[in-house]
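Participant: So the chains spell out like this:
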Amino acid sequence: MRNRDETTVLGLFADIDPAASALNRLQSEGHRLENDLMVLSSVPFPEGALEADTSKIRLPRLTVTFAVVGIITGILLAGGSAELYLLRTGGKPILSGPPTGIIAYEIMMLFALSAAFFTAIYEMRLPSWRARVYDPRISEGLIGIAAYCPDDEIATQAEDILKSAGAVDIRRDARDLI
Amino acid sequence: MDFSNVLKSPRHVATDENATEPLRLVLERPPRQRLTKLVFWTIFCAAFVVLAGIVIWAWGAVTQKHNPGFWHVSLVSLLFWLGVTQGMVAFSALLRMSHAAWRYPLNRPLDIASLYGVWGPALIPFLIYARHEIYGLGSSDYRNNVWRVAGPDFWDAVCIGTAYLAGWMLLYLTALPDFSVLRDRAEEGSWNRRFFGRLATLWRGSDHQWRVLRRAEGILVVGTVISFVVSQTVLGWDFQLAAARDWDSSIFAPLYTISSLLSAVAMTVLVTIVNNRILRGRGFIDEFQYDSLGRVMIALGLVWFYFRWCDYLTTWYGRIPHEWYIQNNRIAAFPILAAMTLLFCSALPIFGNMFHKIRTRPLGLGIISVLALIGVAIERYLDTVPTFAPDYPVHELVPSIPAILVFLGLAGMFVLTYLIAARYIPIMSWWGTCKARTRTDVRKLGNTTVPVMVEDVPVWET
Numbered sequence: 817m818r819n820r821d822e823t824t825v826l827g828l829f830a831d832i833d834p835a836a837s838a839l840n841r842l843q844s845e846g847h848r849l850e851n852d853l854m855v856l857s858s859v860p861f862p863e864g865a866l867e868a869d870t871s872k873i874r875l876p877r878l879t880v881t882f883a884v885v886g887i888i889t890g891i892l893l894a895g896g897s898a899e900l901y902l903l904r905t906g907g908k909p910i911l912s913g914p915p916t917g918i919i920a921y922e923i924m925m926l927f928a929l930s931a932a933f934f935t936a937i938y939e940m941r942l943p944s945w946r947a948r949v950y951d952p953r954i955s956e957g958l959i960g961i962a963a964y965c966p967d968d969e970i971a972t973q974a975e976d977i978l979k980s981a982g983a984v985d986i987r988r989d990a991r992d993l994i
Numbered sequence: 005m006d007f008s009n010v011l012k013s014p015r016h017v018a019t020d021e022n023a024t025e026p027l028r029l030v031l032e033r034p035p036r037q038r039l040t041k042l043v044f045w046t047i048f049c050a051a052f053v054v055l056a057g058i059v060i061w062a063w064g065a066v067t068q069k070h071n072p073g074f075w076h077v078s079l080v081s082l083l084f085w086l087g088v089t090q091g092m093v094a095f096s097a098l099l100r101m102s103h104a105a106w107r108y109p110l111n112r113p114l115d116i117a118s119l120y121g122v123w124g125p126a127l128i129p130f131l132i133y134a135r136h137e138i139y140g141l142g143s144s145d146y147r148n149n150v151w152r153v154a155g156p157d158f159w160d161a162v163c164i165g166t167a168y169l170a171g172w173m174l175l176y177l178t179a180l181p182d183f184s185v186l187r188d189r190a191e192e193g194s195w196n197r198r199f200f201g202r203l204a205t206l207w208r209g210s211d212h213q214w215r216v217l218r219r220a221e222g223i224l225v226v227g228t229v230i231s232f233v234v235s236q237t238v239l240g241w242d243f244q245l246a247a248a249r250d251w252d253s254s255i256f257a258p259l260y261t262i263s264s265l266l267s268a269v270a271m272t273v274l275v276t277i278v279n280n281r282i283l284r285g286r287g288f289i290d291e292f293q294y295d296s297l298g299r300v301m302i303a304l305g306l307v308w309f310y311f312r313w314c315d316y317l318t319t320w321y322g323r324i325p326h327e328w329y330i331q332n333n334r335i336a337a338f339p340i341l342a343a344m345t346l347l348f349c350s351a352l353p354i355f356g357n358m359f360h361k362i363r364t365r366p367l368g369l370g371i372i373s374v375l376a377l378i379g380v381a382i383e384r385y386l387d388t389v390p391t392f393a394p395d396y397p398v399h400e401l402v403p404s405i406p407a408i409l410v411f412l413g414l415a416g417m418f419v420l421t422y423l424i425a426a427r428y429i430p431i432m433s434w435w436g437t438c439k440a441r442t443r444t445d446v447r448k449l450g451n452t453t454v455p456v457m458v459e460d461v462p463v464w465e466t
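First to last, the sequence lines map onto chains A and B. The first sequence stops at residue 994 when you use this note's numbering, and every number in between is there. The second sequence stops at residue 466 when you use this note's numbering, and every number in between is there.
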């Protein structure tokens, strides 16, 4: 349940350096957690240039996990069906390696790629049906620095930091940050 | 050299009229003249698609099953187009993997080729049906297979489908930021705003979202290339070679894959030329792109020749009478076509593109690309159909007019895919363009100026 005083302050910057300066000051002076700050931009920056959230991304790990699940499923599907439908073909063993391997490989690719896609969507927190902090001017090239503020005093402090760093516009946004 | 401020703010490029042209093409109603052209080409291509469908299902499937001049040619036509479209997506992935600086204007148009697979439900049954019929002619012992569940058909569909699926996922994820910009720039309350709002699913461009996108893109491009190779191997061995009579080749699948990639690069050149015309230049595509594509064609032409030669040499050296007869048949029955394949798939891409003036000009590179596509199409035909020559007179092996209609229908499907996709997806990645432009600059170094670009550090170092 959201507190009545909770809000998000969004500062819009025209250039990278002032935005980076504001972000550094908010991080150091505001003692904020990773989830309390967010950089919004329509174009990606080199990693580390403007980054508020440095939390671990589980995408590679989950992709590998589902690849392994795919291999096991493929082996069970191909090997299992061969054992269930006994049909000797061209002198080959009932449970033969190459066809089982190929099917395991196909299922591995299908599982790994699907897992990568759905995990990416999940990690991006999409689809999101509730409105979140945003400003359409970001798609016109402005850089947004958003800070979650639990009370009015911290919000005023954040506004001061953003203003002194050179934000072209600052506003409070009642919508959720994340 | 002064490297300060190489990285520019997005606002320097985000509202630049040239950079936003692809967005404008989606959001604004085209002028009357362009709309007329679009409607004409859509109807023209759709007519060919419908005609090809009628020819295959209402006439070919009923009366032409034993006519290689129609049935086999239709099968290899489909293989050709599957190779081109999957190759284009794989080429896009390869450009990303190699961090090619010239990739940005090419990625999106190449990714769109994956949408050809949306027509898959109409195509794959035909592919499988045609193969069944061709196997029925005694070219291979299809029954009593080792694949059990649903036979090889199901696994072939999974394999070919996975390659397209990878392309769709890559296309959707990398188009998300563009959908969000389209949402923001569409008129308040308009259909476009609602539509792109749903597609963007509240993408905001947060630093976390960009980080995830970069990693997902990195994983999907590797998956796309792997799926492409596997899918082409299946198409090459299970559909093209298995449909050929009494011909076994262990190097055929790599050769087939390379041919697909060569045809994909050639088609990329043509799509790039058309895109450049539609966007009227605007600095998206320049000599750098054409030059690089020409160089890639040289490399692929050389590899193509190497594989083809290896395949020929083992047969020539072994001189097994039956095998030698099959191999030689296509040259003996169709000497001009065999010469055209060698010339268009190898000699021309290599020697034609060696000239800087030819490969850096759309006309020169475009002509080489059209001929390379013709070369690969002929290659597909020669690899399968003439192997039936001992049992059929040559005139029955020549592509019939309905078979050519099927090929044109499949070509119409390709053009139609782009015409429909371009209505909803910017034909150039807006954020990709902006990313390249915010990170590129020209700096003075000694007595010269050099282009400087900020590249991302590898994912594993972050």
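Hints in this document: simulated from the structure, not taken from any laboratory. It is possible that part of the hints are untrue.
[Said to hold, decoys possible] Straight-line distance between alpha carbons at most 20 angstroms, and here's what the computed SDA-like set of lysine to any residue pairs gives:
(1) K12(B) x R443(B)
(2) K872(A) x D460(B)
(3) K12(B) x K872(A)
(4) K12(B) x R953(A)
(5) K12(B) x V984(A)
(6) K12(B) x E863(A)
(7) K872(A) x L274(B)
(8) K12(B) x E956(A)
(9) K872(A) x E221(B)
(10) K12(B) x Q843(A)
(11) K12(B) x D831(A)
(12) K12(B) x R946(A)
(13) K12(B) x S837(A)
(14) K872(A) x L29(B)
(15) K872(A) x A931(A)
(16) K12(B) x P862(A)
(17) K872(A) x Q843(A)
(18) K12(B) x A931(A)
(19) K12(B) x E969(A)
(20) K979(A) x N840(A)
(21) K872(A) x V461(B)
(22) K872(A) x P462(B)
(23) K41(B) x I282(B)
(24) K12(B) x E867(A)
(25) K41(B) x G57(B)
(26) K12(B) x A830(A)
(27) K41(B) x L274(B)
On a predicted model such as this, the values are computed, not experimentally measured, just so you know.
Participant: Could you run down the list of hints and mark each one as holding or not?
Facilitator: Results of checking the hints against the structure:
For the given pair, K12(B) sits about 6 angstroms from R443(B) by alpha-carbon distance, which is consistent with the 20 angstroms threshold. In summary, the hint linking K872(A) to D460(B) is supported, as the alpha carbons are separated by about 18 angstroms, within the 20 angstroms threshold. In summary, the hint linking K12(B) to K872(A) is not supported, as the alpha carbons are separated by about 28 angstroms, beyond the 20 angstroms threshold. Between K12(B) and R953(A), the direct Cα distance comes to roughly 17 angstroms. Compliance with the 20 angstroms bound is thereby established for this hinted pair.
Among the hinted pairs, K12(B) with V984(A) is consistent with the structure: their alpha-carbon atoms are about 17 angstroms apart, no more than 20 angstroms. Distance hint between K12(B) and E863(A) is fulfilled; the C-alpha atoms sit about 15 angstroms from each other, no more than 20 angstroms. About 42 angstroms separates the Cα atoms of K872(A) and L274(B), which puts this hinted pair outside 20 angstroms; it is violated. For a cut-off of 20 angstroms, the pair hint linking K12(B) to E956(A) stands: about 14 angstroms separates their Cα positions.
Between K872(A) and E221(B) the alpha-carbon distance is near 17 angstroms, which keeps this suggested pair within the 20 angstroms criterion. The straight-line distance between the Cα atoms of K12(B) and Q843(A) is roughly 23 angstroms, outside the 20 angstroms bound, and the hint therefore fails. Of the pairs offered as hints, the one joining K12(B) and D831(A) holds, with about 8 angstroms between alpha carbons and a cut-off of 20 angstroms not exceeded. Of the pairs offered as hints, the one joining K12(B) and R946(A) is violated, with about 33 angstroms between alpha carbons and a cut-off of 20 angstroms exceeded.
Between K12(B) and S837(A) the CA atoms are separated by roughly 16 angstroms; this keeps the pair inside 20 angstroms, and the hint holds. For the suggested pair K872(A) and L29(B), the alpha carbons sit about 38 angstroms apart, so the restraint of at most 20 angstroms is broken. Taking the CA atoms of K872(A) and A931(A), the gap is about 17 angstroms. The hint holds against a cut of 20 angstroms. For a cut-off of 20 angstroms, the pair hint linking K12(B) to P862(A) stands: about 11 angstroms separates their Cα positions.
With a CA separation close to 18 angstroms, the supplied pair K872(A) and Q843(A) stays within the 20 angstroms bound. Under the criterion of a C-alpha separation no larger than 20 angstroms, the hint pairing K12(B) with A931(A) is inconsistent with the structure, at around 35 angstroms. Between the alpha carbons of K12(B) and E969(A) the distance comes to roughly 34 angstroms, so the proposed pair goes past 20 angstroms and is violated. Under the criterion of a C-alpha separation no larger than 20 angstroms, the hint pairing K979(A) with N840(A) is consistent with the structure, at around 14 angstroms.
Under the criterion of a C-alpha separation no larger than 20 angstroms, the hint pairing K872(A) with V461(B) is consistent with the structure, at around 17 angstroms. As the CA atoms of K872(A) and P462(B) are separated by approximately 16 angstroms, the hinted pair is consistent with the 20 angstroms bound. Pair hint K41(B) plus I282(B) holds up; C-alpha atoms about 12 angstroms apart against a cutoff of 20 angstroms. This hinted pair checks out: K12(B) and E867(A) have alpha carbons roughly 16 angstroms apart, not beyond 20 angstroms.
Distance restraint check for K41(B) and G57(B): the Cα-Cα separation of roughly 24 angstroms exceeds the 20 angstroms cut-off, and the hinted pair is therefore not satisfied. Restraint check for K12(B) and A830(A): the C-alpha separation of about 10 angstroms stays at or below 20 angstroms, so the hint holds. Restraint check for K41(B) and L274(B): satisfied, since their Cα atoms lie roughly 19 angstroms apart, inside the 20 angstroms limit.
Checked against the numbered hints above, the structure violates hints 3, 7, 10, 12, 14, 18, 19 and 25; every other hint is satisfied.
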